[in-house]
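Chains as they are written, first to last, in the working numbering: chain L, 1192 to 1533; chain U, 1192 to 1533; chain X, 1192 to 1533.
A portion of the hints provided could be inaccurate.
[Unchecked claim] Simulated pairs of lysine-lysine, DSS-like, Cα-Cα distance not exceeding 25 Å:
#1 L:K1513 / X:K1524
#2 X:K1527 / L:K1524
#3 U:K1524 / X:K1527
#4 L:K1527 / U:K1527
#5 U:K1248 / L:K1524
#6 L:K1524 / U:K1524
#7 X:K1527 / U:K1527
#8 U:K1527 / X:K1248
#9 X:K1524 / U:K1527
#10 U:K1524 / X:K1292
#11 L:K1524 / U:K1292
#12 X:K1524 / L:K1524
#13 U:K1524 / X:K1248
The hints are simulated quantities; they were obtained by calculation from the structure and are not laboratory data.
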Amino acid sequence: MADPRFFDNQGPFSVADLAGIAGDDASVVGDAGLQVTDVSPLGEAGPGQISFLDNRKYVPVFEGSRAAVCIVAPEFVDRAPDGMTLIVSPRPYRAYARVAKAFYPGNARQPGIHATAFVDDAAEVAVDAVVGPNAVVEADARVGSGVVVGAGGVVGCGGMVGGGTELGTGASLTHCDVGARCQIHAGARIGTRGFGFDMSPEGHLDVPQLGRVIVGNDVEIGANSTIDRGSGPDTEIGDGCKIDNLVQIGHNVRMGRGCVVVAQAGVAGSATLQDYILLAAQSGVAGHITIAAGTQLAARSGIMRDTQADARLVGNPAIPAKEYFRQIAMLSKLAKDRNRQD
Amino acid sequence: MADPRFFDNQGPFSVADLAGIAGDDASVVGDAGLQVTDVSPLGEAGPGQISFLDNRKYVPVFEGSRAAVCIVAPEFVDRAPDGMTLIVSPRPYRAYARVAKAFYPGNARQPGIHATAFVDDAAEVAVDAVVGPNAVVEADARVGSGVVVGAGGVVGCGGMVGGGTELGTGASLTHCDVGARCQIHAGARIGTRGFGFDMSPEGHLDVPQLGRVIVGNDVEIGANSTIDRGSGPDTEIGDGCKIDNLVQIGHNVRMGRGCVVVAQAGVAGSATLQDYILLAAQSGVAGHITIAAGTQLAARSGIMRDTQADARLVGNPAIPAKEYFRQIAMLSKLAKDRNRQD
Amino acid sequence: MADPRFFDNQGPFSVADLAGIAGDDASVVGDAGLQVTDVSPLGEAGPGQISFLDNRKYVPVFEGSRAAVCIVAPEFVDRAPDGMTLIVSPRPYRAYARVAKAFYPGNARQPGIHATAFVDDAAEVAVDAVVGPNAVVEADARVGSGVVVGAGGVVGCGGMVGGGTELGTGASLTHCDVGARCQIHAGARIGTRGFGFDMSPEGHLDVPQLGRVIVGNDVEIGANSTIDRGSGPDTEIGDGCKIDNLVQIGHNVRMGRGCVVVAQAGVAGSATLQDYILLAAQSGVAGHITIAAGTQLAARSGIMRDTQADARLVGNPAIPAKEYFRQIAMLSKLAKDRNRQD
Chain L
1192 MADPRFFDNQ GPFSVADLAG IAGDDASVVG DAGLQVTDVS PLGEAGPGQI SFLDNRKYVP
1252 VFEGSRAAVC IVAPEFVDRA PDGMTLIVSP RPYRAYARVA KAFYPGNARQ PGIHATAFVD
1312 DAAEVAVDAV VGPNAVVEAD ARVGSGVVVG AGGVVGCGGM VGGGTELGTG ASLTHCDVGA
1372 RCQIHAGARI GTRGFGFDMS PEGHLDVPQL GRVIVGNDVE IGANSTIDRG SGPDTEIGDG
1432 CKIDNLVQIG HNVRMGRGCV VVAQAGVAGS ATLQDYILLA AQSGVAGHIT IAAGTQLAAR
1492 SGIMRDTQAD ARLVGNPAIP AKEYFRQIAM LSKLAKDRNR QD
Chain U
1192 MADPRFFDNQ GPFSVADLAG IAGDDASVVG DAGLQVTDVS PLGEAGPGQI SFLDNRKYVP
1252 VFEGSRAAVC IVAPEFVDRA PDGMTLIVSP RPYRAYARVA KAFYPGNARQ PGIHATAFVD
1312 DAAEVAVDAV VGPNAVVEAD ARVGSGVVVG AGGVVGCGGM VGGGTELGTG ASLTHCDVGA
1372 RCQIHAGARI GTRGFGFDMS PEGHLDVPQL GRVIVGNDVE IGANSTIDRG SGPDTEIGDG
1432 CKIDNLVQIG HNVRMGRGCV VVAQAGVAGS ATLQDYILLA AQSGVAGHIT IAAGTQLAAR
1492 SGIMRDTQAD ARLVGNPAIP AKEYFRQIAM LSKLAKDRNR QD
Chain X
1192 MADPRFFDNQ GPFSVADLAG IAGDDASVVG DAGLQVTDVS PLGEAGPGQI SFLDNRKYVP
1252 VFEGSRAAVC IVAPEFVDRA PDGMTLIVSP RPYRAYARVA KAFYPGNARQ PGIHATAFVD
1312 DAAEVAVDAV VGPNAVVEAD ARVGSGVVVG AGGVVGCGGM VGGGTELGTG ASLTHCDVGA
1372 RCQIHAGARI GTRGFGFDMS PEGHLDVPQL GRVIVGNDVE IGANSTIDRG SGPDTEIGDG
1432 CKIDNLVQIG HNVRMGRGCV VVAQAGVAGS ATLQDYILLA AQSGVAGHIT IAAGTQLAAR
1492 SGIMRDTQAD ARLVGNPAIP AKEYFRQIAM LSKLAKDRNR QD
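Take these sequences, add in the hints, and give me the full structure.
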């Protein structure tokens, strides 16, 4: 299924092997010796291919699927079509992630510094790192083992990039340390000047931004996203955070572990996000507030105040989800009633 | 009018010639032999210059305009100032587009691969293509006839770029095929990893994103916009779509023909947009839904559910425009009434 | 405090010297001869360090601070902890900006054109300008005294960049003149094609965009922001404007002096912003309207109509702040009342 121009398939694997790779004590129902050649979406999969069912909405597709093998949760086993082999897992999506990664671990790249790249003499680049065409590593930067700097990527003066991290095409780091195994996608800008100045009709006056950006391990930062460096304190992105495309993170923001920030969301300066916050697409968090652990903010919503742990918030300004939907319903009803009276 | 440092004027043209170029059986009222040297905005145009009237709001400007020639719809002919020559067209804006293009077809560029560009030995680049300074064409990529890769642009491994397409400064393609005559503006990122992972407090686990981005013909993609590749299925952008700056298109999105997505709008993963959808600025479409052909979504609005064909929607969550404005008016009135009582 | 890998400290300075640097006739309370080695945030500062108090919210931090010196407004002098030396200023944040700039004026860069940069023979680059690794200066461009073009930055054909301006990593200019002392951050795209075309089911037809972008002096443009060139008229950014990251400015926008546009906000085509407008984060301004001087728009709000001078607006569509909060309160109360009845 995956286009061989772009993806190298490491299969086949036997169903038994894949069940082992799937983890979480997954078990096989059917032919454990079957050879599987590829992964494929449920609706497209055929002989020799493995797929997964994760969302109840797609049960009808599962029932009609021609996939040779499917990863499913225990409760859907009896909905499988005749002849389909199953890998039964309590976490089918996670199991699929592992299986797909076995087939497609990522294309190997030739280590070394490309002839067109520029690496300053005062920089340190691990021998097994990749520095792509027209990439730049400035003075005193340290680039760790297995790091990939994509075409045109830039590691600014003095910064550290931890082992296994990938910097995408044209992405740039400055005033910034990045941990291990991060993915920083194309065009992301980390460590640019925070938006700090004294406003006055006689002319706004810049306040030097003297902090850094400290990015933890296993962090993903999306394409063309921007993270400003701190004004004095640092901007901090905790281990395991997932940040999507076109996201803005202001100066001095502190983000805990495992936060998820979906595309086009923004976090204003000096906000604190505790662990496992979810900010859905196009949402926003005001500056100088604290978002408690586990808070989830709906798409296109904006938080203006500190939140309670595990809050579920919607709207502008965001309020508890239940309250929000009650207001929406009431508004609709009121408008209809009025209309009837007119 | 247009600054000669940036634009090469191919005029003059006679009014008769321009009427032919205008198309749609445009006719001349006045001096068909007049030589026209340039295009210019209605309020600034003078002798020898041609302008156009497209928006009823600007009729007073038209009445006072000193343009030598103006392209207008039939209903405004009698509002023209004395002595102005008219090109009468049922579609004055389209006629102006053609006329302006005749004057300014775009600056010619010297074909060839710039000395500072890097083109992999295993890539194919048409002899009449332009690969600009510090641009990169990676292994197995195919770059078609007349393609322009701007300074620092990157065509990733294995991708195809169709004839006449322009890739702007610093824009990058990966896991992606692009059709003919597209314009991909500066800093756009096409084919980056979709935002797919299994969430868990023990650590979010990436799901390999094994699809591509397939961009049709005559597509425009704005500066710093991002389009993620599919997770397994492809992300598809249909022929003739116009996408503005800073737009996010998630993985697996399928967009039909001629859709228009204005700046800072976003489409979440696995949404389907049928043909001729209009998403105004800063609007959003939720994931896994279908937007029916001809739907128009107002600026700063968000669609959460499937829509009916030709729907006109406003608000968050978006509702029919009529209903929305009724609610807004009611809310305002209620608040005023209450205030009076207090 | 500031990481010496990234920032060069030019201290120490005596308190007396710093009071002079602070400007606005700042005065010293305490030990004017004390040597100050660094700036530091109020909560972290210790011996030899100077901080500032600008926000009433942080008075308790001030009262417990161990900073050797603090810049404060007159009304907080008697809240200072024992032994702290004060620099008393009517504008403590502005004073701090000047003091911090004295400590950290910015790292000096070696003038000259990097060996990996490409400068067209027909371009003019001042001898004391810096053109970084893999940067590009195209034909007929003029780059002024002390300009810095960062790694991978691109100055397009024919454009002018005024003295002292810095173009960040990978930022690009085209069809554009930029004034003096501007900061254009990483990945910003100035002068790309405006989003102008005639819509039709037979195919949208591009209207040539024949204007420029004219950027004044002392303008800041944030990372990955986009400013389109005019369609015929120019797009204009007035002196002293501050534009944050991921902001979109459409074609033909005219922005007066000292406007502040916060992250992810957008201004649609042909809007006019007079002087000292503030558009908060993620807000939007519709096209073809005029925003009067001093208007302030709240975060996540959208203006659809012309405004009055010094208006304070909130919501979608934006209404006066007072009215907005009244509606929000009423809506909440109504929903609660109804709920009680049910």
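Hints, verified against the model:
{"no.": "1", "hint": "L:K1513 / X:K1524", "verdict": "15 Å, holds"}
{"no.": "2", "hint": "X:K1527 / L:K1524", "verdict": "15 Å, holds"}
{"no.": "3", "hint": "U:K1524 / X:K1527", "verdict": "19 Å, holds"}
{"no.": "4", "hint": "L:K1527 / U:K1527", "verdict": "19 Å, holds"}
{"no.": "5", "hint": "U:K1248 / L:K1524", "verdict": "37 Å, violated"}
{"no.": "6", "hint": "L:K1524 / U:K1524", "verdict": "16 Å, holds"}
{"no.": "7", "hint": "X:K1527 / U:K1527", "verdict": "19 Å, holds"}
{"no.": "8", "hint": "U:K1527 / X:K1248", "verdict": "34 Å, violated"}
{"no.": "9", "hint": "X:K1524 / U:K1527", "verdict": "15 Å, holds"}
{"no.": "10", "hint": "U:K1524 / X:K1292", "verdict": "52 Å, violated"}
{"no.": "11", "hint": "L:K1524 / U:K1292", "verdict": "52 Å, violated"}
{"no.": "12", "hint": "X:K1524 / L:K1524", "verdict": "16 Å, holds"}
{"no.": "13", "hint": "U:K1524 / X:K1248", "verdict": "37 Å, violated"}
Of the numbered hints given earlier, the model fails hints 5, 8, 10, 11, 13; all others are met.
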